Structure formats: structure tokens, C-alpha cells
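**Q** Sequence:
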Amino acid sequence: MSMLNSTHHQPPFFLLSGLPGLEASHIWFSIPLSIMYVTAILGNSIIIHIVHKTPSLHEPQYVLLSLLAATDIGMSASTLPTVLNVFIFNHREIEFHGCLAQMFFIHTFSSIESAMLLAMAFDHFMAICNPLRYIIVLTPSRITQMGLAAVARGVALMIPLPILLQQLPFCKNIVLSYSFCFHPDMMKLACGSIRVNIIYGLVLVLCSFGVDSVFIVLSYALILKTAILSIASNAGRLKALNTCISNICVVLLFYTPQVSLSMIHRFGKKKLPAQIYMLLSYLHLLVPPMLNPIVYTVKTKEIRVCILKMFQPRKF
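Going by the working numbering, the letters in the sequence shown line up with residues 102 to 417, in that order.
If you're looking for bench data, these hints aren't it; they were derived computationally from the structure.
Heads up, a few of these hints could be off.
As the list claims (entries may be wrong) - List of simulated lysine to any residue pairs, SDA-like, C-alpha gap at most 20 Å:
| no. | residue 1 | residue 2 |
| --- | --- | --- |
| 1 | Lys410 | Pro156 |
| 2 | Lys289 | Leu381 |
| 3 | Lys340 | Leu233 |
| 4 | Lys400 | His159 |
Claimed, not checked - DEER-style ranges, computed between Cβ atoms:
| no. | residue 1 | residue 2 | range |
| --- | --- | --- | --- |
| 5 | Ser135 | Gln246 | 36 to 42 Å |
| 6 | Ile132 | Arg296 | 39 to 45 Å |
| 7 | Gly311 | Leu409 | 38 to 44 Å |
| 8 | Arg234 | Ile132 | 46 to 52 Å |
| 9 | Pro232 | Leu185 | 43 to 49 Å |
| 10 | Leu339 | Ser242 | 31 to 37 Å |
| 11 | Ala253 | Thr155 | 26 to 32 Å |
| 12 | Leu409 | Glu196 | 41 to 47 Å |
| 13 | Ile132 | Ser361 | 25 to 31 Å |
| 14 | Ala202 | Leu353 | 27 to 33 Å |
| 15 | Gly311 | Arg234 | 25 to 31 Å |
These figures come from a predicted structure and were not determined experimentally.
Where is the CB? At the ideal position from N, CA and C, for every residue including glycine.
Generate the whole structure from the sequences, applying the supplied hints.
**A** The following block contains the structure:
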């Protein structure tokens with residue numbers, strides 16, 4: 102008990118939470134969760150494999166899609182160990198520094214995914230609004246630079262999060278609200294001032310997700326304007342719009358729960374039911390990696406054809 106009564110201390114571990122009030126049913130919830138993880142990792146791995154092995158898909162839009170798939174695998178791998186540990190084995194303890202590391206990777210991959218969605222929006226913008234310069238601007242080296250910039254930005258922005266948390270004294274409850282480590286959730290357990298953490302978290306959201314979302318909306322607004330005013334044929338308009346539908350769906354899947362969860366944690370006046378937080382967190386971290394490959398497979402003919410060929414029995 103002396104550990105918890107200390108005024109300035111870092112706890113040796115945190116306790117993760119499953120679904121409040123439904124602990125007896127955790128093993129049943131582990132089944133759909135496991136299916137979601139398998140679907141996410143397998144689906145995104147297939148997309149990466151197809152893009153890598155198919156020369157005709159070595160184009161900017163498909164290379165960016167494979168980078169998004171790699172990011173989704175990283176996102177799933179960041180949460181998988183603790184989520185399944187809680188729901189299958191009821192193992193709730195996570196070491197303090199291990200929790201910081203998981204939090205860092207979760208937020209870093211979220212930032213990278215946001216940047217990838219922006220890059221894909223820019224790709225569509227160039228293809229539809231400025232097709233003559235498409236090949237000149239989106240060269241293989243430029244795509245590589247965009248991917249590296251997304252990773253560098255994510256790492257640089259998220260490194261202060263675990264450093265700031267390490268400076269806080271934790272003398273309150275050590276029970277987290279989720280089955281993984283999430284920065285707004287962790288900082289609320291501190292008994293010192295978290296003003297710096299709140300301000301930096303808000304600046305981080307505005308400078309990464311906020312800026313990305315503004316440029317994504319602007320890109321698709323210009324695409325819609327071009328499709329309506331500059332493309333004469335109805336077939337051309339439909340093709341331009343259909344090209345963007347999958348990306349718009351993925352953007353909504355990613356940003357809606359992410360922004361909602363972040364705003365509720367920072368500005369929520371009333372204590373909402375724990376199930377609301379859990380639902381939004383799983384929608385943000387588990388659903389996009391699972392649905393992204395499905396959306397792109399359904400809406401992208403080239404990917405769909407390659408997948409069908411891969412699973413067709415070969416004739417000897």
C-alpha cells in the first residue's frame with residue numbers, strides 16, 4: 102500500500118480494463134475481437150503482397166494504399182497483445198514503461214495513418230484536377246519522401262507524450278479505462294498538474310489531425326468542383342466520383358471516432374458511461390484497420406481482380 106500512498110511516484114504497473122460489468126462474458130467478446138484482428142492483419146498483408154508482386158500496380162495510388170495497409174498492421178499490432186490478454190486470459194497488468202511504449206506506438210501509427218490519408222487525397226486531387234502533371238509530381242522518389250515524412254512527423258510529435266507522462270506523479274487509482282494505453286486516459290490518473298499535457302495534446306491534435314483533415318476536405322471539395330464543372334460527360338463525372346468514394350469512406354471511418362474520443366476526454370463536462378468510451382476507442386483503433394482493405398477491395402477493380410486471381414486454383 103505504501104506504493105499507492107506515495108505523493109510522487111511512478112507505479113510499477115497499470116491495470117487495464119475490459120468491458121465494465123461484463124467481465125464474465127469477456128471470453129465471448131474475445132471471439133469477434135480475434136476475428137477483427139485476423140481480418141485486419143491478413144487483409145492488409147494481402148494488399149501489400151499484391152501491390153508488391155504486381156508490376157501493373159506499381160503506381161502512386163497503389164503504393165500509397167500499400168503504405169496505408171502497413172500502417173494499419175502496425176496499428177493492430179500495437180493493441181493486439183493487451184486487448185487479447187485482457188479478454189482471453191484476464192491478464193490486466195501492464196508494466197509502466199511498457200504502457201508508455203504502447204501508448205507511443207498507438208498515437209504514432211494514428212498520426213501516420215492520418216498523413217497517409219492526406220497523401221491519398223492529394224493523389225486523387227492531382228489525378229482528377231491536374232492530370233497532365235500527375236506523373237511529374239508523384240514520382241516514386243516523391244512517394245518515398247511522403248512516406249518517410251509521415252513517419253518522421255508521427256515520431257517527432259509523439260515522443261514528448263511519454264516524456265511528459267514520466268514527469269507526473271501517480272498517486273491515485275492505477276486502473277485504466279481501456280484494454281490498452283491511451284494518453285488522455287493515462288494523464289487523468291496523475292495527481293499532479295496535467296495542464297502541460299492537456300495543452301500539448303490539444304496542440305498535437307490541431308497540428309496533425311486537424312491540419313490533415315482540413316487539407317483532406319479541401320482536396321475533395323476541389324475534386325467535386327472539378328467533377329461538376331470541368332468534366333463534360335456524365336460517365337467521366339461518375340468515374341471521378343467513384344474513384345474518391347472509397348477514400349472518403351476510409352477518412353470518415355478514421356476521423357469520426359478519433360475526434361469524438363479526443364474531444365470527449367478533453368472537454369467532456371459530464372461523466373459518460375464507460376461503454377461509450379470503450380465503443381469509441383474500439384471504433385477508432387480496431388474498425389479502420391479491419392474495414393480499410395475490405396473497402397478498397399470492393400471499390401478498386403484492379404485490387405479485386407488480383408485477389409480473385411490469387412485465390413483461384415491454378416491449372417496445370
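**Q** All hints, please: hold or fail.
**A** Hints, one by one, checked against the model:
1. Lys410 with Pro156: 15 Å, holds
2. Lys289 with Leu381: 18 Å, holds
3. Lys340 with Leu233: 18 Å, holds
4. Lys400 with His159: 18 Å, holds
5. Ser135 with Gln246: 36 to 42 Å: 37 Å, holds
6. Ile132 with Arg296: 39 to 45 Å: For Arg296 against Ile132, whose Cβ atoms are near 42 Å apart, the range 39 to 45 Å holds.
7. Gly311 with Leu409: 38 to 44 Å: 40 Å, holds
8. Arg234 with Ile132: 46 to 52 Å: Between Arg234 and Ile132, where Cβ atoms are some 50 Å apart, the hint holds.
9. Pro232 with Leu185: 43 to 49 Å: Taking Cβ atoms as reference, Pro232 and Leu185 lie about 46 Å apart, which means the hint holds.
10. Leu339 with Ser242: 31 to 37 Å: Holds: the Cβ-Cβ distance is about 33 Å, inside 31 to 37 Å.
11. Ala253 with Thr155: 26 to 32 Å: 29 Å, holds
12. Leu409 with Glu196: 41 to 47 Å: Because 45 Å falls inside the window, the suggested range holds.
13. Ile132 with Ser361: 25 to 31 Å: 26 Å, holds
14. Ala202 with Leu353: 27 to 33 Å: 30 Å, holds
15. Gly311 with Arg234: 25 to 31 Å: 28 Å, holds
When held up to the earlier numbered hints, the structure conflicts with none and fits them all.
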